[in-house]
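Produce the entire structure from the sequences given, and follow the hints as far as they go.
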Amino acid sequence: MFKCQLPSKQDLIVIVHLAACVCGVGSLSMPYIFAQAGPTYSTVAFILNCFFNTYATVALSHCFLKLRHLPHIHTYTDLAVHLWGQKGAYTVQATQLASCILLPVAFLVLGGTTLLPAIFDGFLDLSTTVWIILMAAALLPIIYIRVLHEAYIVLITGSSATIIGDVIATIDAYVAHGDELFEPTANITATHVFDTFGSFALAYGAAVVVPQLQHHHPQPERMPTALVYGMLLISGFYVTLGALGYAHFGCASPSNLLLAMSHLTQRRRAAYIAMQMHITIAFAVVVNPFFVTVEKTLFPQSAAKYDDADDQEQFNQIETPKEEIDASEPAAAKYSETTRRYIFRTLVVAGQCFLAMLTQSSFSDVADLVGASVMNFCSVVLPLMLYYNLFKGEMSRPHKILCWIVIVVSMVLGIYSTIQAIVRIVKNASQYTLFASTPPSKRTEYAYCPAGYADRKAPWLDSFSL
1 MFKCQLPSKQ DLIVIVHLAA CVCGVGSLSM PYIFAQAGPT YSTVAFILNC FFNTYATVAL
61 SHCFLKLRHL PHIHTYTDLA VHLWGQKGAY TVQATQLASC ILLPVAFLVL GGTTLLPAIF
121 DGFLDLSTTV WIILMAAALL PIIYIRVLHE AYIVLITGSS ATIIGDVIAT IDAYVAHGDE
181 LFEPTANITA THVFDTFGSF ALAYGAAVVV PQLQHHHPQP ERMPTALVYG MLLISGFYVT
241 LGALGYAHFG CASPSNLLLA MSHLTQRRRA AYIAMQMHIT IAFAVVVNPF FVTVEKTLFP
301 QSAAKYDDAD DQEQFNQIET PKEEIDASEP AAAKYSETTR RYIFRTLVVA GQCFLAMLTQ
361 SSFSDVADLV GASVMNFCSV VLPLMLYYNL FKGEMSRPHK ILCWIVIVVS MVLGIYSTIQ
421 AIVRIVKNAS QYTLFASTPP SKRTEYAYCP AGYADRKAPW LDSFSL
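Just so you know, we're using the UniProt record's numbering here: the sequence shown kicks off at 1 and counts up by one.
Treat the hints loosely; a few may be bogus.
[Stated by the list, open to error] Computed spacing ranges between beta-carbons, pair by pair:
id: 1; residue 1: Tyr-342; residue 2: Met-395; range: 48 to 54 Å
id: 2; residue 1: Val-409; residue 2: Lys-66; range: 22 to 28 Å
id: 3; residue 1: His-399; residue 2: Ala-247; range: 35 to 41 Å
[Unchecked claim] Here are the simulated DSSO-like pairs of lysine-lysine, each with C-alpha atoms no more than 27 Å apart in a straight line:
id: 4; residue 1: Lys-296; residue 2: Lys-66
id: 5; residue 1: Lys-392; residue 2: Lys-66
id: 6; residue 1: Lys-400; residue 2: Lys-87
id: 7; residue 1: Lys-427; residue 2: Lys-87
id: 8; residue 1: Lys-66; residue 2: Lys-9
id: 9; residue 1: Lys-392; residue 2: Lys-87
id: 10; residue 1: Lys-66; residue 2: Lys-87
For the record, the hints were derived by calculation from the structure and aren't laboratory data.
Yeah, the Cβ is synthetic: ideal placement off N, Cα and C, and Gly gets one too.
Set out below in structure tokens:
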């Protein structure tokens, strides 16, 4: 499945694009993963999750390589339809659209409860619920754009903002807090190790971007190698981030790395602004495919008109001198279609905003839920099932066993983590009051630390919120 060869220039472009699409809010929980499972078990979990996701990503690439002689297979959905018929299309589209809806909810929770209150600290004192509403309203002008054409510079900007925020937060930990906080994780259990699966699944969701990257690669047979290098690069960043965070905070590592930053410096505001930039870009990019897909069903005439106009524009640019496209449609009808589209998108964002308000005390749990459910299915389970269906006649018996072990383990851990995340979300939501102004409070519970940790470290813990 993999050939060891130096990456070409086009391979490097694929690696950069893959990293840009994958690096996001999942990176914030890397030190916490080490605290949950301890350094030994978390390292094993890192290796296994890296293998699962890399294996699935490369397997999906091989599927497209085998069928590249078929001109109609370009997307994830095309592949599923070819192998499973219409039910394959429904399966892929349902899971991808679910991720398009749920992941932005996590962005709204992070922005409204953590980022915006810190960015405007000292200027505006609003409840987290109000911040969530304001963030959703501020995103509407971007959401109203009919189609966000693929702009890799935007993706790279978003991922760069994430990396900048992570780096600033890690530097701040060592500069602001000294080295007095560390104590190793105590009483590691299987439950603690299994609970890391959702965070890994969110951080590693890469398979969904493979079809587009492979379609534009001039030598698609080199894609598996490029994908392996890309996943190793991403894993190296995650391991470094997690190890540095755990080496400093130990068992008290925060579930969100930004929460441990000192309130007394401008580094905190800079890191929060960088992460806010990322989730603003990511929100628009992630939710747009849902709008485009659903609007083709709700407004088929309008969608067909726009598709024809896009095709005509591309034809004019490539083949002939450009002529004006006849826009003979009555202005009132065009206004009505645009209005319906605006109303639909506003209602969807309003629904996401409402979900974010209900789950605003559970950012980490919402992220785990998204990762363990739809991201795990889209990026690991489904690609390997497609691969097995296409290559089962060529696979050796050990390879078949390995493939199904990865599928079954991913499904079991995904279901477990999904249930646990839902239980925690419901519990937290039942204890939270909407529009209640919640002042910052000190963290007093350290579930993974030895007994008496808070008392021993009180002189340092009292200086900041973990």
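Quiz item: Which hint numbers does the structure go against, in order from smallest to largest?
Solution: 4, 7
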